[in-house]
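*Asks:* The end of the sequence shown is residue 229 by my numbering, with every number in the run present.
For the record, the hints were derived by calculation from the structure and aren't laboratory data.
Heads up, a few of these hints could be off.
Keeping only pairs whose Cα atoms sit at most 27 Å apart, straight-line, the calculated BS3-like set for lysine-lysine is [stated by the list, open to error]:
#, residue 1, residue 2
1, 56, 91
2, 199, 227
3, 106, 56
4, 121, 91
5, 56, 136
6, 169, 98
7, 106, 199
8, 120, 169
9, 120, 89
10, 136, 89
11, 189, 106
12, 213, 136
13, 26, 112
14, 89, 213
15, 56, 89
16, 106, 169
17, 112, 89
18, 98, 56
19, 91, 136
20, 98, 112
21, 106, 136
22, 112, 91
23, 98, 121
24, 98, 26
25, 169, 121
26, 112, 56
27, 217, 189
28, 136, 120
29, 26, 217
30, 26, 89
31, 217, 136
32, 120, 98
33, 121, 89
34, 227, 217
35, 199, 189
36, 189, 121
37, 213, 189
Distance windows between CB atoms, simulated [claimed, not checked]:
#, residue 1, residue 2, range
38, 203, 136, 45 to 53 Å
39, 139, 205, 40 to 48 Å
40, 219, 179, 22 to 30 Å
Heads up, the beta-carbon is just placed ideally off N, CA and C, and yes, glycines get one too.
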Amino acid sequence: MVVFAGCTKQDIAPFTADPAVNFTSKSTEYSFLTNPGEDHVQEIDVHIVGNATDHKRYFNVQVINDSLTTARPDQYEIIGGVVNPGEFKGKLSIRLFKSPELDNDKVSLHLKLVESEDFKKGSIEMSDFTLAWTNKVIVPAWTFYRFFFTATASTAAYRAIVESTGVTKFAVSDYLAVGPIGAEALGTKFGDYVMQWNKDNPDNPLLHDDGTKAGEKIVPIYYTRSKFE
Numbered sequence: 001m002v003v004f005a006g007c008t009k010q011d012i013a014p015f016t017a018d019p020a021v022n023f024t025s026k027s028t029e030y031s032f033l034t035n036p037g038e039d040h041v042q043e044i045d046v047h048i049v050g051n052a053t054d055h056k057r058y059f060n061v062q063v064i065n066d067s068l069t070t071a072r073p074d075q076y077e078i079i080g081g082v083v084n085p086g087e088f089k090g091k092l093s094i095r096l097f098k099s100p101e102l103d104n105d106k107v108s109l110h111l112k113l114v115e116s117e118d119f120k121k122g123s124i125e126m127s128d129f130t131l132a133w134t135n136k137v138i139v140p141a142w143t144f145y146r147f148f149f150t151a152t153a154s155t156a157a158y159r160a161i162v163e164s165t166g167v168t169k170f171a172v173s174d175y176l177a178v179g180p181i182g183a184e185a186l187g188t189k190f191g192d193y194v195m196q197w198n199k200d201n202p203d204n205p206l207l208h209d210d211g212t213k214a215g216e217k218i219v220p221i222y223y224t225r226s227k228f229e
């Protein structure tokens, strides 16, 4: 038997880690589709390694000028990264500028976290991020759209949803905010829009323009049947 006689509770040092910052994801895209303004402040989430503090802290990024960076310096402004007191999460803010050339194209930035007075950069795997923006439609993940709007994703279907309901995203948080009755009401609003369009334009119905059902009719999940049957 080995006896550890010299180690007491007060000899055990608490674990501490140098404060560091990591991105919470690897990329995102933004569309000016429903934004009538000339700019948009995009916020990118980060998470913190280490302890929270009672004061604001700041972190830095740099633009990597490689093939992933296609935006010109006049197309964006890096506002900065902030972690508020008591928080383990922060946000990087970047102002994106709208321009006519984005009607047919998209531009992007490849960003990398660098050390600041308050933070070291975190893990290599989560230290870089790609941000893209455009004026074109960006079709989001279709996970919840398929249950209330139409089963198949396409640019034309998404554009019709935005035009008929004003809804630009419909993730789990958006579904929980409106509930099943509200979601069905939005789906019905979209369905009525599609059915009315097709009724008014029998020779030019709304079709999927891309995706797995390209060229086929957009079929709503819900619509006010008595109006069209």
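*Asks:* Hints first: check each against the structure and report whether it holds.
*Replies:* Each hint, compared with the structure:
no.	hint	verdict
1	56 - 91	holds (12 Å)
2	199 - 227	holds (10 Å)
3	106 - 56	violated (34 Å)
4	121 - 91	holds (15 Å)
5	56 - 136	violated (37 Å)
6	169 - 98	holds (20 Å)
7	106 - 199	violated (35 Å)
8	120 - 169	violated (34 Å)
9	120 - 89	holds (15 Å)
10	136 - 89	violated (31 Å)
11	189 - 106	violated (31 Å)
12	213 - 136	holds (20 Å)
13	26 - 112	holds (11 Å)
14	89 - 213	violated (40 Å)
15	56 - 89	holds (12 Å)
16	106 - 169	holds (19 Å)
17	112 - 89	holds (17 Å)
18	98 - 56	violated (31 Å)
19	91 - 136	holds (25 Å)
20	98 - 112	holds (23 Å)
21	106 - 136	holds (8 Å)
22	112 - 91	holds (14 Å)
23	98 - 121	violated (31 Å)
24	98 - 26	holds (23 Å)
25	169 - 121	violated (31 Å)
26	112 - 56	holds (21 Å)
27	217 - 189	holds (17 Å)
28	136 - 120	violated (37 Å)
29	26 - 217	violated (35 Å)
30	26 - 89	holds (16 Å)
31	217 - 136	holds (22 Å)
32	120 - 98	violated (33 Å)
33	121 - 89	holds (14 Å)
34	227 - 217	holds (19 Å)
35	199 - 189	holds (15 Å)
36	189 - 121	violated (47 Å)
37	213 - 189	holds (22 Å)
38	203 - 136: 45 to 53 Å	violated (27 Å)
39	139 - 205: 40 to 48 Å	violated (20 Å)
40	219 - 179: 22 to 30 Å	holds (24 Å)
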